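Heads up: the sequence lines are chains A and B, in that order.
Under the numbering used here, the first sequence is numbered contiguously, ending at residue 274.
Under the numbering used here, the second sequence is numbered contiguously, ending at residue 307.
FYI, nobody ran anything at the bench for these hints, they're computed from the structure.
Treat the hints loosely; a few may be bogus.
Stated by the list, open to error - The following label-pair restraints were derived from C-beta to C-beta distances:
hint	chain 1	residue 1	chain 2	residue 2	range
1	B	GLY170	A	ILE192	46 to 52 Å
2	B	LEU58	A	ILE112	43 to 49 Å
3	A	PHE180	B	GLN94	34 to 40 Å
4	A	ARG6	B	TYR205	34 to 40 Å
5	A	PHE26	B	LEU10	22 to 28 Å
Keep in mind it's a predicted model, so treat the numbers as computed, not measured.
Each residue gets a CB set at the ideal place from its N, CA and C atoms; glycine is no exception.
Chain by chain, the residues run as shown.
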Amino acid sequence: MRRALRNPRIVIGTLFLFSLCVLAIFAEQIAPFSPVKIYPADSLQPPSAKHLFGTDTMGRDVLSRIIHGARYSLLLGLAAVAISSVLGTTLGLLSGYFGGKVDTLIMRVMDIGLAFPSVLLALLIIAVLGAGLTSVTIAIGVSATPPFARLIRGSVLAIKETPFIESARAIGAGRFRVVFRHILPEVFAPAITMATLRLAGAIFSASSLSFLGFGAQPPTPEWGAIVSAARHQLRGAWWISTFAGLAIMSTVLAINVLGDGLRDVLDPKLRGKI
Amino acid sequence: MLTYLIRRTLQMLVTLLVASMVVYGAMQLVPGDPVMAMFFPNVPSPERLESIREELGLNDPFYIRYFQWLAGALRGDLGESYKQYRPVSDILAQTIPGTIELGIAGIVVSLLIGIPVGVLAGITENKWVDNTVMVIALIGVSAPSFWLGLLLMLVFSLYLGWFPSFGVGGFAKLVLPALTLGLYGGGYLARFARSSVLEIKYQDYVTTARAKGISEWRVTVQHVLRNALIPVITMSGMLAGYMMGGAVIVETVFGRSGVGSMLVRSISDKDYPLVQALLFFAVGVFILMNLVVDLSYAYIDPRIRYD
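Put together the whole structure using the sequences plus the hints.
Structure below.
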């Protein structure tokens, strides 16, 4: 813990994410205007003291929309990462611990997933499920599962042969006890690092899919959707897509920085692997 | 090497086959009736519906339809687009060249940016240069490409008027899209090249070379870079896979017609014969590039062949 506090990347990343969470939770109180209410008279105002980030075609305050948008990005990202961490950790544990046919079966399925670039796998899933926030979350979560399962499997294989697992088995601990009480805590470090770095990727992909029109639909103030809606007014109103994109970039950057920091502190061996 | 080449090629063919099954199978899971979708918003009479279903072979079991599709695909017949009323293969023939052009340009830009930047950060002992370069590379990989593309368009096309902002054809129209793809790829390569240089830099044989009295410049170029850049060059093969995914976004932003933008349109249109062909093409390129990467690794590093 003390080592974590001395790592500037972890401190900066955590502070940024914490402020973002505060913004997302108290968006109603913090945002100066409503994110969806239309004020035709204020249409396309450039940034000013009243509207720090300007307004969009419908006179909505861009800053307020971005503040509310934090909710969508964070929730989407967290939900997608939850799907891939739970699926990936479970599959990786089963595959690594039991080996043999279970391992072959799980890993072959994961290999199929890895044969697809993740954007394309996500698009395939969206083609099946249809557009919408739920399908985007599932698509991103599922498409990020294979690398996760692979990493966990690798860690399990290394831990499985250590003396303390052997001793646990020797004193008669059952398979599931060994897996969940002894191995699971040991794969926690790579799992949490991977999950953090994946969160950045998930937010990135979610905004891209919304930009393409498959995720959040108007008037939802999701960041990717805000950029998408404003892209045809680039010349007249540069501020809308610029600030919304800046929000995505700084969030992804902060999480990447945090993830790099966590990797260095929790498990330096992973450097270069994820 | 030959056995390795044959083994990996066969593995790749199996992967391609499985990928085609996944893509084809997924399209069958889509709820709703494709024939009804073709007529939307009109509703065909039950007899008409049945005759079209029969004609399109939609009443056959899944595996028969899959093999028919595959047999057709091998002959270059990928079926008919539901929404554009022309053969899918025609649409592919029209969209593939633009995407390949974009992909190659994107890789070239990635290499031009990534390698010098990464090498500079790796060889210089100056903390400031290293840190600045790496922060910029990190920003490069964190900026969503649709936004980066719009910013480039805003500055270089709308304000400065240097390049056109939309369409395909000609070098000028390729610059901004290629730059958008290349900035991400470049950031990624730079990070990779830097760690590769750092790994080689302190190897014993580099110290030996220096001890022999070879000039610092020659040590860097001949001993460090030559070895450090092997994985980097191979890594750029992996970038080709990213380019296929990135093309989806970049082509949409810049209104280029290509595999990526057509894929987005076909998914919105629920035009499944087109979706599966485009997806399969993109995944196929990725799988093929992976094979090229593996083979070139094996060529460079003989240990891999005896795996």
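*If you check the beta carbons of PHE180 (chain A) and GLN94 (chain B), does the distance land in 34 to 40 Å?*
54 Å, violated
*Using the beta carbons of GLY170 (chain B) and ILE192 (chain A), state whether their distance is inside 46 to 52 Å or not.*
49 Å, holds
*Could you check the hint for me, namely that PHE26 (chain A) and LEU10 (chain B) are 22 to 28 Å apart, CB to CB?*
The hint (22 to 28 Å, Cβ to Cβ) is violated, given that PHE26 (chain A) and LEU10 (chain B) are roughly 58 Å apart.
*Note whether the CB distance of ARG6 (chain A) and TYR205 (chain B) lies within 34 to 40 Å or breaks it.*
Once the Cβ atoms are compared, 36 Å apart, the range 34 to 40 Å for TYR205 (chain B) and ARG6 (chain A) holds.
_Within 43 to 49 Å: is that where the Cβ-Cβ distance between LEU58 (chain B) and ILE112 (chain A) falls?_
Given a distance of about 26 Å, which is not inside 43 to 49 Å, the answer is violated.
Going through the hint list in order, the structure does not satisfy hints 2, 3 and 5.
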